[in-house]
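**Q** For reference, the chains in residue letters:
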Amino acid sequence: MESYIVLVISCIFVNNILLMQYLGNCPFLGVSKRMETAVGMAMAVIFVLVMAGAVTWVVNYYILKPYDLEYLRTLSFILVIASLVQLVEMFLKKNIPALYAGLGIYLPLITTNCAVLGVCLINMKEEYDFIHTLVSSFSYAAGFGLALVLFAAIRERILLARVPKPLQDTSIGLVTAGMLSLAFFGFKGMIH
Amino acid sequence: MVKRAVNEFVKGLWEEIPPFRLVLGLCPTLAVTKTVENALGMGMAVIFVLTCSNVIVSAVRNLIPKQVRIACFIVVIATFVTIVELVMQAFTYPLYLKLGIFIPLIVVNCILLGRAEAFASKNGVIYSLADGLGIGIGYTLALSALASIREIFGYGTFYHISVFGPSFKPFSFMVKAPGAFVCLGLMLCIMNMFKKK
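Protein chains in written order, with the numbering used here: chain V, 14 to 205; chain Z, 224 to 420.
Everything labelled a hint here was simulated from the structure, so no lab data went into it.
A virtual CB, placed ideally from N, CA and C, is assigned to each residue, including glycine.
Fair warning: there could be bad hints in the mix.
Calculated lysine-lysine pairs in the DSSO-like style (CA-CA distance at most 30 Å, straight line) [what the hints assert, rightly or not]:
1) Z:K257 - V:K201
2) V:K178 - Z:K418
3) Z:K418 - Z:K321
4) Z:K418 - Z:K234
5) Z:K399 - Z:K257
6) V:K178 - Z:K399
7) V:K178 - Z:K257
8) V:K46 - Z:K226
9) Z:K289 - Z:K234
10) Z:K392 - Z:K234
11) Z:K257 - Z:K321
12) Z:K226 - Z:K321
13) Z:K257 - V:K138
14) Z:K392 - V:K106
15) Z:K321 - V:K78
16) Z:K392 - Z:K226
17) Z:K392 - Z:K257
18) Z:K399 - V:K138
19) Z:K399 - V:K201
20) V:K201 - Z:K418
21) Z:K392 - V:K178
22) V:K46 - Z:K321
23) Z:K289 - V:K107
24) Z:K321 - V:K138
25) Z:K418 - V:K46
26) V:K106 - V:K46
27) V:K201 - Z:K392
28) V:K46 - V:K138
29) Z:K234 - Z:K257
Not close to chain V: a few residues of chain Z, all C-beta gaps over 12 Å, as computed [as the list claims (entries may be wrong)]:
30) R284
31) P288
32) I297
33) T305
34) E308
35) L318
36) T380
Between the sequences and the hints, there should be enough to build the whole structure, so can you do that?
**A** Here it is as structure tokens:
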């Protein structure tokens, strides 16, 4: 039990996927201009990442490993993620239209979100078992959501501030992300 | 024709230099620019993958049905990334260890898919080759520039050669995550100032 709690805290705060591991920065800057889009993206990532983590674990240990095909990991993982996203999209469209309307446009974007592939590869590198994979995928995604929502809230405030012309938009966004990342450094002491 | 190919090549070096003008592919930009060596290694890998994938994508652009083109592009890119991964594992193992997870992650680097979709799928093989080389080299230059600043201030060295001498106290903020964000943000700001003139 203790190992799970440590894992959750380390994935959400200490090794935050966006601010500490630099993964998934394109959507981080792209969709963080408004709160609603940020929340939508965060939900979509949590949803897809947990499923992708589970499926890639199965693919790795039941297909790639027995046949010594581990060098095909990158290729197969990205295909699995792309088709999974497509599948989820079709499933939601047909069965849960309300959720589809909420996540809709963010789902296709997730295919090229490096946080998803990145977490799947980290799970394999750390050689987690199935339950640990699920927990770590969920926690990384939750950390992504947390950072994204915090950042969107700050960015909405920046709109009201008078920013010097050359610094506007992405530039001030990156500097703000730096400050946020500095704040997340404060969590470093939580786990030894 | 030669002139146009040259133009496509040159635009990647300044007009559309990623990640400053095309704000794409930020994750590896932030992650591998701790030292110039890492940045150059990453840049080389991207040049190779981008050029090859651009050529292949533009060669088969008329054979691929519109609906499945993105999936096809990703397979082409992933193939070249796997090649790079195996080659680096064989010949430059220390660098491979340092770049770690960011080599397989070239697959989802938006620059590659972006160029395949926006350029290679609409233009001929020669132009796509020029575009891939230009953007790739531009990306390498940008990575090296960012890495130089971070390495010089963060470790006090440039390509492992000491710059300030032994009395310099490294400014370790620069090589940590926050330094990466702030440094890239300020570089974008400087680029914007040039654009204004």
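**Q** Determine for every hint whether it applies to the structure shown.
**A** Checked hints:
{"no.": "1", "hint": "Z:K257 - V:K201", "in the structure": "holds, 20 Å"}
{"no.": "2", "hint": "V:K178 - Z:K418", "in the structure": "holds, 11 Å"}
{"no.": "3", "hint": "Z:K418 - Z:K321", "in the structure": "violated, 35 Å"}
{"no.": "4", "hint": "Z:K418 - Z:K234", "in the structure": "holds, 15 Å"}
{"no.": "5", "hint": "Z:K399 - Z:K257", "in the structure": "holds, 8 Å"}
{"no.": "6", "hint": "V:K178 - Z:K399", "in the structure": "holds, 27 Å"}
{"no.": "7", "hint": "V:K178 - Z:K257", "in the structure": "holds, 29 Å"}
{"no.": "8", "hint": "V:K46 - Z:K226", "in the structure": "violated, 40 Å"}
{"no.": "9", "hint": "Z:K289 - Z:K234", "in the structure": "holds, 28 Å"}
{"no.": "10", "hint": "Z:K392 - Z:K234", "in the structure": "violated, 39 Å"}
{"no.": "11", "hint": "Z:K257 - Z:K321", "in the structure": "holds, 10 Å"}
{"no.": "12", "hint": "Z:K226 - Z:K321", "in the structure": "violated, 40 Å"}
{"no.": "13", "hint": "Z:K257 - V:K138", "in the structure": "holds, 22 Å"}
{"no.": "14", "hint": "Z:K392 - V:K106", "in the structure": "violated, 58 Å"}
{"no.": "15", "hint": "Z:K321 - V:K78", "in the structure": "holds, 25 Å"}
{"no.": "16", "hint": "Z:K392 - Z:K226", "in the structure": "violated, 50 Å"}
{"no.": "17", "hint": "Z:K392 - Z:K257", "in the structure": "holds, 17 Å"}
{"no.": "18", "hint": "Z:K399 - V:K138", "in the structure": "holds, 22 Å"}
{"no.": "19", "hint": "Z:K399 - V:K201", "in the structure": "holds, 13 Å"}
{"no.": "20", "hint": "V:K201 - Z:K418", "in the structure": "violated, 39 Å"}
{"no.": "21", "hint": "Z:K392 - V:K178", "in the structure": "violated, 34 Å"}
{"no.": "22", "hint": "V:K46 - Z:K321", "in the structure": "violated, 34 Å"}
{"no.": "23", "hint": "Z:K289 - V:K107", "in the structure": "holds, 23 Å"}
{"no.": "24", "hint": "Z:K321 - V:K138", "in the structure": "holds, 14 Å"}
{"no.": "25", "hint": "Z:K418 - V:K46", "in the structure": "holds, 23 Å"}
{"no.": "26", "hint": "V:K106 - V:K46", "in the structure": "holds, 26 Å"}
{"no.": "27", "hint": "V:K201 - Z:K392", "in the structure": "holds, 23 Å"}
{"no.": "28", "hint": "V:K46 - V:K138", "in the structure": "violated, 34 Å"}
{"no.": "29", "hint": "Z:K234 - Z:K257", "in the structure": "holds, 27 Å"}
{"no.": "30", "hint": "R284", "in the structure": "holds, 20 Å"}
{"no.": "31", "hint": "P288", "in the structure": "holds, 15 Å"}
{"no.": "32", "hint": "I297", "in the structure": "violated, 6 Å"}
{"no.": "33", "hint": "T305", "in the structure": "violated, 6 Å"}
{"no.": "34", "hint": "E308", "in the structure": "violated, 7 Å"}
{"no.": "35", "hint": "L318", "in the structure": "holds, 17 Å"}
{"no.": "36", "hint": "T380", "in the structure": "holds, 22 Å"}
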